[in-house]
Amino acid sequence: MKGYFLTRILSLVPVLLIVSVFVFFLIHLTPGDPASVILGPQATPEEVEQLREQMGLNLPLYQQFFEWFTGILRGDLGWSISQNKSVINAFFEHLGPTLSLAVLAQGISIVLAIPMGIIAAKKRGTKIDQSVMVVAMLGLAIPSFLLGLLLMQLFGIKLQWLPVAGYEPLSSGLWEHLKHMIMPAMALGVIQTAVIVRMTRSSMLDVLSTNYIKTAYAKGLKERIIYYKHALRNASIAIITVLGETFGSLIAGAVVTETVFNLPGIGQLVMNSILRRDYEVIQGTILLAVVSYLAVNLVVDMLYGVIDPRVRMSRKG
Amino acid sequence: MGVNVPIENRDILQTKTQLKKERFRLFVRRFLNNRLALIGSSIMIFLLLFVSFSLLFMNSSPLEIDPANRLHAPSSEHWFGTDTFGRDLFSRVVHGGFVSLAVGFSATIITAIIGMIIGLYASYYKFLDHILMRICDGLLAFPDVLLAIAITAVLGPRPINVVIAITVVKIPTMARIVRSSALVIKEQTYIEALKAQGASSWRTLWMHIAPNTLSPYIVQITNVFASAIILEAGLSFLGAGVPAPEPSWGNILYDGKVVIFNAWWMTFFPGVFIVLSVLGLNLFGDGLRDLLDPHTNKANK
Amino acid sequence: MQESLLEVKNLKTSFSTESGVVTAVDGVTFTVHAGETLGVVGESGCGKSVTAESILQLLNERTTKYEGEINYKGKNILTLNKKQMQQIRGNEIAMIFQDAMTSLNPVFTIGDQITEAITAHMKMGRKEANKKAIDMLSLTGISSPEMRFHEYPYEISGGMRQRAMIAMALVCRPNLLIADEPTTALDVTIQAQILEVINNIKNELNMGIVMITHDLGVIAEVCTHVVVMYLGQVIEDADVESLFSNPAHPYTKGLLQCIPQIDGDRSRQLYTIEGIVPSLDNVPKGCRFSQRCPHSDAKCLNEPPLLEEINDKHKVRCWHYDKI
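Residue numbers (the working numbering), protein chains in the order written: chain A, 1 to 317; chain B, 318 to 618; chain C, 619 to 942.
If you're looking for bench data, these hints aren't it; they were derived computationally from the structure. Glycine included, each C-beta is placed from N, C-alpha and C at the ideal position. Each hint should be verified, as a subset may be incorrect.
[As the list claims (entries may be wrong)] Ranges between beta-carbon positions, derived for each pair:
1) B/419 - A/2: 49 to 57 Å
2) C/640 - B/366: 41 to 49 Å
3) A/179 - C/705: 49 to 57 Å
4) B/513 - C/863: 52 to 60 Å
5) A/2 - C/876: 52 to 60 Å
6) A/7 - C/699: 48 to 56 Å
7) A/272 - B/377: 32 to 40 Å
8) A/69 - B/505: 56 to 64 Å
9) B/388 - A/176: 30 to 38 Å
10) A/176 - C/768: 49 to 57 Å
11) B/505 - C/772: 23 to 31 Å
[Unchecked claim] Derived pair list, reagent style DSS-like, types lysine-lysine, alpha-carbon separation capped at 30 Å:
12) A/214 - C/871
13) C/630 - A/127
14) A/214 - C/917
15) C/871 - C/917
[Stated by the list, open to error] Partner residues are not named here, just some residues of chain B that face chain A (Cβ under 8 Å, in silico):
16) 450
17) 452
18) 468
19) 584
20) 596
21) 600
Produce the complete structure using the sequences and hints provided.
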């Protein structure tokens, strides 16, 4: 087991390397000089030159990469020029809203989607199934930022039930926090719900047609036990796979949704850093997003073993 | 015996063409019976006709500013209302639709071509496979919008760069799908036989393996098209896509967000078009998958 | 004559499919008594498994329609509701399937899957249920049952899996066991052991068994009475001796001739029944076997024969059984 995960983690190293190379060269091939962008049009050439020196921009590209990469391995993601703090600090300052948004959206989607998917599979071909699938289809077709704008109009402006936009941290009270998060989380959660409903339904259908479900019926088990114990346990492998795979789009969706609702999260950090050409922040943030994606999928991989004894078995060997 | 053989052969040929015809007829019938594919393609055809006819017969310009008529609600004169600069929203949504669909379509086609090439060659040559798939793993680990933003931020917000960004983001999935179905085909005996006969790798790949990857490939193309439309809209909404004053569904939404308190039509109309086009493509893709893939077809019956 | 345990009367099972209604079982009738093993034999696709699953109503409820009667202890169980049926399944009538590998849930232990059958039908503490499960496992002759109890289906051999299946089916001491090709997927030596286990437990519990198989060897070994099915119908119904010594239907004769004879003339070609089984949506209008039958005439092609009594132990569905 340990051996398996050690190799699994080691296999991430090339992926990380490729990602770092890609991010670094993408950003550093940008036309335009960041130093002069940062200092603005009034800056003298001497000032610009001084800043370039300070930022290490005069070094050859491969050397800049090497410095940056060894920094990463030491846990140093660089310095944000525009905010005058380390990238790590900037990142964690903006993490709260994004994390809260992602967790709430994912929570809403799991709570809604799994029962809906199971019911749809159970009532396959009926009006209930069809309406669940139509709703899921619509959910997939509405980008989160668009849904965000529509919710904002309905609940924020027309009905005035919820604040239109803005953010209150958890420290100012749970309800205060939730009030500002409900709409963004819904906006982001709906598309996620749609994805999970479809996956749950189709993998439940696959499982329900297996022989062991027939055996379970033949034993005279209650339908609730057959669905939620026998079928769901087997279907959940596909479901958590999709949770892992869509984690990336969840983060990406969170970034865009934040912008709709003016939440001071990672999305805002990235967009501001792009405007100010704050390279190291962009690099570092994207890299951390990738790392979290890889970490989530590592957890998913571990969960396979928890759910399915066969996986556990094959990993021992 | 000797007399019988040609007759049998002719019979076989006849049955074969009959079978082909029968299969085609069956496909048409099943397509018409497949509500998903039917609704999806109707939506897409409607959108295309709507956009192209409006472009042909419209006399208002999407860029013509009319400060006296700022933010008018929908009326008989301005069907979808006007925007912050008094521009006709109907004309902007239609032109934006052209831009959005064109960007999405170009990105999809390029992705499809490059994805096919990468997927096929990766499936055929072991050493290429390792390199290409590690790169794909790397690209797949990026949150898609974030990567696309970074690319357009670097290259500059222009439609062509949006196409590039979407393409880079979407190629890995495309290549993987082609690769995995190509790997299955490659293991089959007749491919071995071809190799044994000395068929060139080019011929084997493109004449024999590629056609057999088409079903999942075509379905994936509709998926890529749908997500390209969403990505374009997202990028333009963030100001990292199609730049103003040129309209696109995404940047009309961006303008709409600013005036969301007093002009619902600015978000509503482009929104409806985005949803319709993505919905149409998704339905069409799901329907096609049911038609082309016997396994899911059975499962959905 | 003792009261019958299970009486299937004119059972008709049909599925609605994309291309119309298909009747997989068409007017099947048979009776099983306690302590008796009834064999149901036929080629694949003859409707024998559908018959088996119809008894417990395990087929897709949305697309399947059952007609006729299935009287269990004198009560028609086709009229029961979902909940009542649940209490019958596993408790009164149990079933074992062909492929124990796919018929056991891969993510739960053997023990878990057996005890859950117990707790579904009886109020019993966990410890007690576990003990009962282990007892049942040892009754099936599985080696070190305590260990198997905690193992997963993929961890044990095919024979052990089938034994575990049997334990699971019989742990509630049902009155009737439906065994759907229980030995088909197993090695010959293990086949015999499994049949013996089933037989022993049958004697202990005085169960009735419906043994579905395509293997006449299995029939000869364990059954007292046999029903031969062809294309959804019973074409011959006889006690085992009459069937083997005096088969009446040309199809049954054919089946018996298909068995290779070690002591016979080995240079003789193995007998095969001409043609293929017609598909269910294109059933011949006369006798269903007429197109493949060497003895068929115009009457056979046009008029469907009925199941006729030859004597009180033997029925056949053939126009010419007395002539051939």
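Going down the list of hints, with the structure as the test:
1. For residue 419 of chain B paired with residue 2 of chain A, a C-beta distance near 53 Å keeps the hint of 49 to 57 Å intact.
2. Take residue 640 of chain C and residue 366 of chain B: their Cβ atoms lie about 43 Å apart, and the range 41 to 49 Å holds.
3. Range check, residue 179 of chain A to residue 705 of chain C: about 51 Å between beta-carbon atoms, so the 49 to 57 Å window is met.
4. Range check, residue 513 of chain B to residue 863 of chain C: Cβ separation about 56 Å, and the 52 to 60 Å hint holds.
5. Evaluation of the 52 to 60 Å hint for residue 2 of chain A and residue 876 of chain C yields a pass: the beta carbon distance comes to about 56 Å.
6. At roughly 54 Å, the beta carbons of residue 7 of chain A and residue 699 of chain C sit within the given window of 48 to 56 Å.
7. In this structure the hint that residue 272 of chain A and residue 377 of chain B lie 32 to 40 Å apart at CB holds, the actual value being about 37 Å.
8. Distance hint check for residue 69 of chain A and residue 505 of chain B: the Cβ-Cβ separation is about 44 Å, which falls outside the suggested range of 56 to 64 Å.
9. The hint said 30 to 38 Å for the Cβ distance between residue 388 of chain B and residue 176 of chain A, and at roughly 33 Å that hint holds.
10. The hinted range of 49 to 57 Å is satisfied by residue 176 of chain A and residue 768 of chain C, whose Cβ atoms lie roughly 51 Å apart.
11. Taken as a hint, the range 23 to 31 Å holds for the pair residue 505 of chain B and residue 772 of chain C, whose Cβ atoms sit roughly 29 Å apart.
12. Proximity of residue 214 of chain A to residue 871 of chain C is assessed by CA-CA distance (about 34 Å); at most 30 Å being required, the pair is judged violated.
13. Among the hinted pairs, residue 630 of chain C with residue 127 of chain A is consistent with the structure: their alpha-carbon atoms are about 28 Å apart, no more than 30 Å.
14. Of the pairs offered as hints, the one joining residue 214 of chain A and residue 917 of chain C is violated, with about 42 Å between alpha carbons and a cut-off of 30 Å exceeded.
15. This hinted pair checks out: residue 871 of chain C and residue 917 of chain C have alpha carbons roughly 20 Å apart, not beyond 30 Å.
16. Evaluation of the residue 450 of chain B hint against chain A yields a violated restraint, the C-beta minimum of about 10 Å exceeding 8 Å.
17. Nearest Cβ of chain A to the Cβ of residue 452 of chain B: about 6 Å, under the 8 Å cut. The hint holds.
18. Restraint check, residue 468 of chain B versus chain A: the minimum CB separation of about 7 Å is within 8 Å; hint holds.
19. For the restraint placing residue 584 of chain B at the interface with chain A, the shortest Cβ-Cβ distance is roughly 5 Å, inside the 8 Å limit, so the hint holds.
20. With its C-beta approaching chain A no nearer than about 4 Å, residue 596 of chain B sits inside the 8 Å limit, and its interface hint holds.
21. Checking residue 600 of chain B against chain A: minimum C-beta separation of about 7 Å stays under 8 Å; hint holds.
Of the numbered hints listed earlier, those contradicted by the structure are 8, 12, 14, 16.
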